[in-house]
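Student: Fit the two chains together into the complex; they arrive one by one in their own frames, and the hints show the way.
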Amino acid sequence: MSAREEVYTRHGGKGGDRGKRLAEMMKVEGKPEALDDILVLDVSSANFGGIVAASFFAEFGAEVVKIEPPDGDPARQITPFGVTVQGVGIPFMFEGRNKRYITLDVRNNEEDRVTFSRLAQKAAVVIESFAPGEMDGWGIGYRQLCLQNPGLIYIALSPYGQYTEKAKKSAKMPDTDITSQTGSGLPAQMGAPPNEPEPLNWPLRGGMWVGWYISGLSAALGGMVALLHRQNTGQGQMVDVAGMDAYSSMVGMPATIGFTWEKSRPRIGVLDFILYPYGHWKCKDGFVAIAAPRDHDFRALLKILGLWEQEDDWRYSSDRIPDILEQAIHLHRIIEEKTILFTGDELVKMALNYSKKSARSKWRGGGVPIIMKLMTPEAAMENRQWQIRNAFQEVEDEKLGKYTISANFVKMSESPPRVKWVSSEIGKDNEYIRKKYLNV
Amino acid sequence: MEDYFSYTAKLFNPDEAGQKPEALKGIRVLDFSHVIFGPIAARLLADYGAEVIKLELPYYGDLWRPATYWGKYWKHSNPIWHNITKNKYFISVNLALKESKELIYKMAETADVVIENFAPGTADAWSIGYEKISKINPKIIFLSCSTYGQFGPMRYFPGWDLLAQAASGVLTLNGYPETDIYYKLPDYVGDFFPGNVGAMSVLMALYHRKKTGRGQYIDMAQTEGLMRMLFHYTYYSVTKQTIGRTGNTDPSMMPASIFKTADDKFLALACATAGQFKNFVEAIGRPELISDPRFADTLERLKPENANALTAIAVDWVRSKSCEEIVSLADEQGFPAAEVADDYRIANDEWRRNRGSVVLFKDDVYGNLVIAGPSAQLSGTPSRTRWLARPLGYHNRIVLKKFLGLSEDEILALEKKKVIGTFDDRPGLKPPVYYNLSEDPIYNYGKEVK
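Note that the protein sequences, when read in sequence, are chains A and B. Heads up: take any position in the first sequence, counting from 1, add 14, and you land on this note's numbering. Heads up: take any position in the second sequence, counting from 1, add 240, and you land on this note's numbering.
The following block holds chain B by itself, in its conformation from the complex (with noise of 0.2 Å):
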């Protein structure tokens, strides 16, 4: 029999995952929301082959197109804004006339789905919610996402990921006991984890639409899909005691921590079963620790003065390591250890870009940019970068013209009015200063370009 794992890379080999075929092929979607929660949900349906049709307003955009780490930009561009929105159409429309909205009528027509994070309500009241939208296409799968949900006393309140975070608990366990410090989770994960929900919810609407022919409304909170991830209420109801912030120590597992190795180097290692214990207790060359009373039963070995002893065995045995023998050991004995690693090692590991997790893509205006690939990587039907973000406004004709069927008079007719429009000069929102857009056949669908 061939070895796994060449039949393994055939299977999933990354350099043939862009001709397979695209599973949301077809679907499109209207993409009213902003910032991070909507759009990576949207985005998320657009990896995986979906017509997604981003809509801003002229001349600002995004409130995120400009919003980057450390305000540094990327030619002209938000660096991780184009891992928030690639694979999108951009186009720029007013909502606040007349014409724009019979625009989004238009294109509701023919729509599958329906993406929105403005404040409850907001929709509805500017006659693009789901009661508007569902008159004239009642298939409609309509995603409304924010941070408390649409109904309840807390509606109203306005959200970011931090309030999420701070709503739903998830703040409070990040940090060291008896501390008056509280790390919430980084990089907007308050956002993306339920923006990814959201995402799986719209899937769910699709296959159940295709069953049954019927469209629906959803209601995502960011903060419930935040809860969904704690069982922490469950220890609570169960003991009447709190888990509260246990720093490094993850309290289920043990040994389980993040530790420093002889060449100062961070590291977590973990025993989650009796099985990977042994392992370790092997590995590290203290075989009698098995039969040791005190850790030889896994429950027995949580209890907190048991699993205190234990863990200053293994710091002291991983600060007389260093990091690489530890992490070799770990592969061959089999125990779960893992360095921490940083924006730079995740940017430039060999076997991320070789999965395809880490990706270097291509771009026909940006030119080359590492961006991150899916962790769950399909034989069938992969998800694909096609193209990364885009200037605001930039596929106003193609959108109007090959999903319209507009022509360039009707179309420089809306722009004298002011109904659709393109980018400021500002960074974020203006395409890099070395690229001629009079000569992009994309950005002039339709007319004679040189």
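Extracted from the complex, chain A is given alone in its bound form (with noise of 0.2 Å):
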């Protein structure tokens, strides 16, 4: 059977339309995509905030231009142990999604600046990361396009922004995925407690590129709402990403909690600040993340790992949050004894069998304790669920071969994001692009 007949047969229900519908949104061929209509340069250097946020508006079909000097743009070499495909890096062919490529070198060649600012008039979005205030200097700034192309959405990329005093004083500091971090408070929020030994006590980096990835996110998610106000007025605007603010702007916490506690939050190492229990723990053949913070889900989980007589214990019945931590310490090690009795996956069964019984029962209260084991990037690829959603896609380049991604991030019934081909070829598409736009 396959994955879409699947879904058919199982998810169809009692009479609705639901699976039909759910297999029906599977299929991404022949639908249409919602930005075809428009055209987006990105001349971002350097930066995979820039980049990300292309890739996403080449997910939903917009024209995409990636704008580059006849070297190529650095980030191609901001790469994982230095590993490259023919000289172009992980990250960059990971991203290298439905992309045009046009070699323009608009920061030292003036002839270059006018063929940009030519195809700027044609745009309906520029993405750029250079310092603050570059490509107004050059006189291709938002302030010089926005003159011929009035519904021009303009979006630039820096650790600071683009105004404030901070922002003109810092303008020369380039933006990376570990600054912005730091910058933005994730860093003092992760790591182990201070009594534990250095470096273990240090904040700590997310392992992946947090940064960049919210600061992309941020601004294709600005330059939307700027495009439906676009499409609403014709009116452009300008949109300003700071990298200095993407963790603390998308989660809000840090903000608020420095204002009303009036001090930092400590780092508390494996723990959660709200719920409890909330992590993750050792068991026979390696580790699963459990989720039983509500109080009957908690009850739930002690009853499936024999540890019942905990239940009346009135530290952790009624007062889990780990603001004493000595306590939550303890309780984690409570748990953990049980945990190193059983694998990974007799874990996860009991916790299932138990919710399901919880669901239907009115006598367990509906507790619904989470195991779930913990998977490796790799580990994720290999999974059903993922097979059967087609959340990896193997994509293949005509210069750097087969590869595979992680694609089709959200499924839509009418206009989803796809992955059409994947290419990295620097000016591969220079003719292409010169006669389509400057009929040259």
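Everything labelled a hint here was simulated from the structure, so no lab data went into it. This list has only true hints and no planted wrong ones.
What follows is a list of derived Cβ distance ranges for each label pair:
(1) A/38 - B/365: 19 to 25 Å
(2) A/320 - B/673: 39 to 45 Å
(3) B/526 - A/439: 34 to 40 Å
(4) B/246 - A/17: 54 to 60 Å
(5) A/85 - B/555: 28 to 34 Å
(6) A/323 - B/421: 27 to 33 Å
(7) B/505 - A/17: 49 to 55 Å
(8) B/562 - A/320: 52 to 58 Å
(9) B/365 - A/350: 34 to 40 Å
To give an idea of the chain B side of the interface with chain A (calculated C-beta under 7 Å), a few residues:
(10) 244
(11) 426
(12) 432
(13) 483
(14) 488
(15) 490
(16) 591
Backbone N, C-alpha and C fix where the C-beta goes; we use that ideal spot for every residue, glycine too.
Tutor: In structure tokens, the structure reads:
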């Protein structure tokens, strides 16, 4: 049975067309694309925030042109351990979705700037990440481009933004993921508590590009709001993304807690400030993540782990918030003594069996303890759930060969995002773009 | 020509932001969602002018209302809840009753967007899913949020941000190699990031609807949202090796780590390009490193043995300088460096206040609260805060009277039948103790108040 048939038959329900609708959603080919009427120019440099924003537009159907100097965007060489395929780094390959590549050296070449501004007259969106004011100084900033094209949406990415005294003072500083993470408050919340040995108790970086991806997503989201306004009124505008705000602006906690507590939170290691149990534990053959934070979830977890004698301990039955760290760590160890006795699969099954019965029984109080094996990215790729949902896609680049990316990150019935092709070759579409937009 | 920064200061002037147009004005959103993942998507739409009506159960309310950091409340409210649900209309209806569903169906007639994050299938089972709503209003854009998606063998698995982090591989990438501790991304990023993706998808659907007149159904799985930010899958498919945990070092640029300064502060310093590396070695007075065969070429520099040697040089240099010295050198020379900012600093940094990415907001009910503004500032249609979160059922009257045209008598009858209700006497749900609701013109909308 194909994945599509499986979804159709298993999700059919009684009489409704839910199963049919969901099976239909897996199909992407032939459906319209939301942004098929716009041109996006990505002239960002060494900045994956810009590249990611451009990818989002491209996945939703925009014609996205990556503009780089003849020796390529330095972002091509930002890659783990220096691994490349024919000189193209892994992250650049990963983001090379549905894009056109042309070469223009806007930094050094006067003529190329003229070509760029001619292209910008046809564009709905420009994305750039030069030092604030640099494009303006070259005569191709928002101030100049919007005269010819008042509908233009101009997205600029930088560490401190395009206005304020601070932005002016730090205008020369480039944006990277790790400085965006530290500057916007993520590492301050990650890492072991203060009494642990160094460097475990240091602030810890998120092990993926959280800073850059948040910046890229915020840029695309802000850009979409601007595109809707443009669709209604014809008016463009400038969108200013600051990397040093990425994390704190997205989650909002640092600003509000810093104000109401008048101090900063400490680092509390693997614990959570609000929920308990909410973390991962060792088991016989690896690790499991456990979330059973509500009282009825917690009681259910005690039952399935054979820890019911803890139930009437006031420290855990009604006060599990880890504001008294020793208490929470103590409970953490009690749970670990049990989880270590089972394999990951056994624990997952125990929790699922309990939850299934619990959902139907009024005596079990609806407790839903959740246990899930900790997956590496590589293990996640093997998971049937994501295979059925086409969460991973094998793509092929003419020059770089076959590789796998995560794609189809949201399913939409009418205008879903999709990856039609990948490519990374410098200047590949020089002729195509000049012909199409400049009549050359 | 006018100085660039004086031009942009006028373009973005935060004092004028409140008078600028709102891009999503006239868009009506029904928000059935709870906790963070769904509510944040709805709030983002509200920030840009959409009219978001949040539905909760009477006396019980959203599960997240009382869920506050270390159990500390602020004026009987959950301070972080204000950030998650500001700018919304709070109405409280009992979904178990037929009359409540009729109210919802009536609201759906004029709504543009519905957002929910119940377990997959639940909304349809309760007759408030896409199947029902799209029959009432075929142009509706319906966003269903879940941890694993609406279809597939794991669809019924319950989830939280933690489980999405565990299922996507995110959780196993944080921490130090060869330890048995993994750290989850803090502050529920696993809800916020996919929530932002969900909001972006709704905007795409609105854009599409304007062109074609067609609504659509959106299935947003938070795990897949997180997967979008991992190029680790591609790394594995190309090299058959894993990146794994690399502690405080970003292996994709060099140097790039969190270091300790002479004055025992922590800062990140990075060089993503050859140009930045040149600026860095000049700043540290080691220009010879630029021609060192181990470091001269960007890709060569990233090889583990060379990367370790270079990181050691950076560690020593940072340890010999104060944080302030390094950051001002970075400003002057043009390489990336930033101190680890904590909550207090973020709440109080002057530049964030001037920029509007941290805002001291004066609210009619709660008074002054510092909340986060967006990292993406729009010059034409900026995001803004109109009001903070409200007690449960606070907007019952204004929504039912103004948007549905009910009379006071009809509302009293609904209250009597317990179709609609308000808050229980619990922090997170009730108003601050000093606040007199009986004199509040919005809570008592359409009634005589003193």
